[in-house]
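Sequence lines, in order, name chains A and B.
Going by the working numbering, the first sequence opens with residue 1, and the numbers climb by one from there.
Going by the working numbering, the second sequence opens with residue 1, and the numbers climb by one from there.
None of the hints are false.
Not everything, but these chain A residues come out facing chain B in the computed CB check (under 7 Å): (1) Phe51; (2) Asp65; (3) Tyr69; (4) Val74; (5) Ala76; (6) Phe79; (7) Leu80.
Hints are computed from structural coordinates only; laboratory data are not their basis.
For every residue, glycine included, the Cβ atom is placed at its ideal position computed from N, Cα and C.
Single-letter residue listing:
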Amino acid sequence: MNLNDWLDERTGWKTLKKTLLDRNIPKINWWYTLGSITAFLFIMQGVTGIFLAMNYSASPDHAYDSVNYITHEVPAGAFLRGLHAWGASAMVASVLLHMLRVFFMGSYKYPREVIWWTGVVLLLITFGFSFTGYLLPWDQKAYWATVVGTNISTQAPLIGEFIGKIIKGGSDMGTVTLARFFAIHVLVLPAIALAFLLFHFFLVVWHGISAPPERKKEANDEWRR
Amino acid sequence: MVSLDRSGSMPSSDLTRRTLLARITTALGVLIGVALGGSVGRYFLSPAWKLRREGWVETARLSELQESSPVKVNYVQRKQDGWTTTEGLRSVWLLREKDSGVIAFDPRCTHLGCPYRWDDARGEFLCPCHSAVFDRAGKVVSGPPPRPLDRFPVRIERDVIMIIPASAGGNINELK
Numbered sequence: 001m002n003l004n005d006w007l008d009e010r011t012g013w014k015t016l017k018k019t020l021l022d023r024n025i026p027k028i029n030w031w032y033t034l035g036s037i038t039a040f041l042f043i044m045q046g047v048t049g050i051f052l053a054m055n056y057s058a059s060p061d062h063a064y065d066s067v068n069y070i071t072h073e074v075p076a077g078a079f080l081r082g083l084h085a086w087g088a089s090a091m092v093a094s095v096l097l098h099m100l101r102v103f104f105m106g107s108y109k110y111p112r113e114v115i116w117w118t119g120v121v122l123l124l125i126t127f128g129f130s131f132t133g134y135l136l137p138w139d140q141k142a143y144w145a146t147v148v149g150t151n152i153s154t155q156a157p158l159i160g161e162f163i164g165k166i167i168k169g170g171s172d173m174g175t176v177t178l179a180r181f182f183a184i185h186v187l188v189l190p191a192i193a194l195a196f197l198l199f200h201f202f203l204v205v206w207h208g209i210s211a212p213p214e215r216k217k218e219a220n221d222e223w224r225r
Numbered sequence: 001m002v003s004l005d006r007s008g009s010m011p012s013s014d015l016t017r018r019t020l021l022a023r024i025t026t027a028l029g030v031l032i033g034v035a036l037g038g039s040v041g042r043y044f045l046s047p048a049w050k051l052r053r054e055g056w057v058e059t060a061r062l063s064e065l066q067e068s069s070p071v072k073v074n075y076v077q078r079k080q081d082g083w084t085t086t087e088g089l090r091s092v093w094l095l096r097e098k099d100s101g102v103i104a105f106d107p108r109c110t111h112l113g114c115p116y117r118w119d120d121a122r123g124e125f126l127c128p129c130h131s132a133v134f135d136r137a138g139k140v141v142s143g144p145p146p147r148p149l150d151r152f153p154v155r156i157e158r159d160v161i162m163i164i165p166a167s168a169g170g171n172i173n174e175l176k
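Chain A with its partners taken away, still in its complex shape:
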């Protein structure tokens, strides 16, 4: 018996592979890869983020210096930091394009509505990552962009001030804000994102890829069997 069969008897990996990778799909196009691209970017952000966090200090005294240390002193530090910073922008672009693809191909329709809803939550989570992550280098750009952003939140009617204080961790932006943003960026959002991602992926595999819309009534899906 070979290794693959031996492992399959004990873990069932072949069934998993078949379910995830050998799925029947309709005739689609390269736009349909955007979902996977986004997922890949998310994993890359996670991995690079983990290692950046090993050399980062989330206090106003040392945040900037620690990022400098990563960029200039740690081997491959500049590369990892670059991947993370650019990866963030790439992910936002990718997730928006993916959303557009889903919208224009009508993939959000029955029975895939919940996939769309989880997708909306994931979009907001992505924005949360971007907003909290942006502050962490604690340079001029980071600081003032966050001041502006948190002040925008205070413009909400009635509860604006309240929301602002919750986000900032007080009346002003400072040490507590940075600590808070770091915890949200590294602990809270990854956990929530993971939960919603797993649900999102499960539903995609469960329902299968939808066919692009046609002018005629929807073609039969015998090819799916």
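Start from chain A and add chain B according to the hints.
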């Protein structure tokens, strides 16, 4: 690949489009994996190969060091600690030799790093932790130390005794 074998030179293989694409995907995946994994590995493992660059530090004035027995001198050391600089009070045992050379002993016992003391009456260094005894030259007289007292490089510049507070041997000492 399903192809029309017009040339007749190569026999058609069992390679399907599916298999070829799978192999290309795997190859690209390996490339990405190596690039990312290699960078991450370098980043994560780099502290193992980091060279600690120590500089010369001032300790005491040669003219003030008269005794012929070791003297414990305290000095301030500024050290690079990641992205911060720490300033700490450290000590060194300085011994002025008759031919005007100065020996600087690392104050950490070569057994497990405890700070030893000089006993003038016995003319020996004594370590309180495990009863190690060293002679005036740092040689082990008795006890568990595996080697004589470590010495720091010494340089005398305009009456000032300078040392590099990093000893060459022993891992335990590197923990500081």
